[in-house]
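Please put together the full structure from these sequences, using the hints given.
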Amino acid sequence: MDRGLDPARTPVGDVMTTELVVADADEDYQSAVHKMDQANIRHLLVVSEGRILSMISIRDLMRVHMDDQGEEIRYLREYLYQVPPDITRTRT
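Just so you know, the working numbering puts 22 at position 31 of the sequence shown, and the rest follows in order with no gaps.
Derived by calculation from the structure, the hints in this document are not laboratory data.
It is possible that part of the hints are untrue.
What the hints assert, rightly or not - Derived SDA-like pairs: lysine to any residue, alpha-carbon spacing no greater than 20 Å straight-line:
id, residue 1, residue 2
1, Lys26, Arg42
2, Lys26, Ile49
3, Lys26, Ser39
4, Lys26, Leu52
5, Lys26, Ile43
6, Lys26, Val13
In structure tokens, the structure reads:
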């Protein structure tokens, strides 16, 4: 333990974080990542109307981010490599 305390005899309450950083269930993932970054934490409680619903990790949020990036890459790839219609065939 970082303060020279004996782990076998130290109550959890003596070393726990008391100022919790939380995310509302309606927040977007970028906001949650920002909160985690600012607080230098890897897990965040998710709350709604003052009740704890769950805990989310930076790994969970990065998965969402990677999925979003993958969708954007697929869209851009389709756009860039789309074969334009042959306009010479439509003329009569």
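Hint check:
Distance restraint check for Lys26 and Arg42: the Cα-Cα separation of roughly 19 Å lies within the 20 Å cut-off, and the hinted pair is therefore satisfied. For the hint pairing Lys26 with Ile49, the CA-to-CA distance comes to about 11 Å; that is within 20 Å, so the pair holds. With a C-alpha separation of about 17 Å, the suggested pairing of Lys26 with Ser39 holds against the 20 Å cut-off. The straight-line distance between the Cα atoms of Lys26 and Leu52 is roughly 12 Å, inside the 20 Å bound, and the hint therefore holds.
As the CA atoms of Lys26 and Ile43 are separated by approximately 17 Å, the hinted pair is consistent with the 20 Å bound. Of the supplied pair hints, the one linking Lys26 and Val13 holds, its CA atoms being roughly 8 Å apart against a limit of 20 Å.
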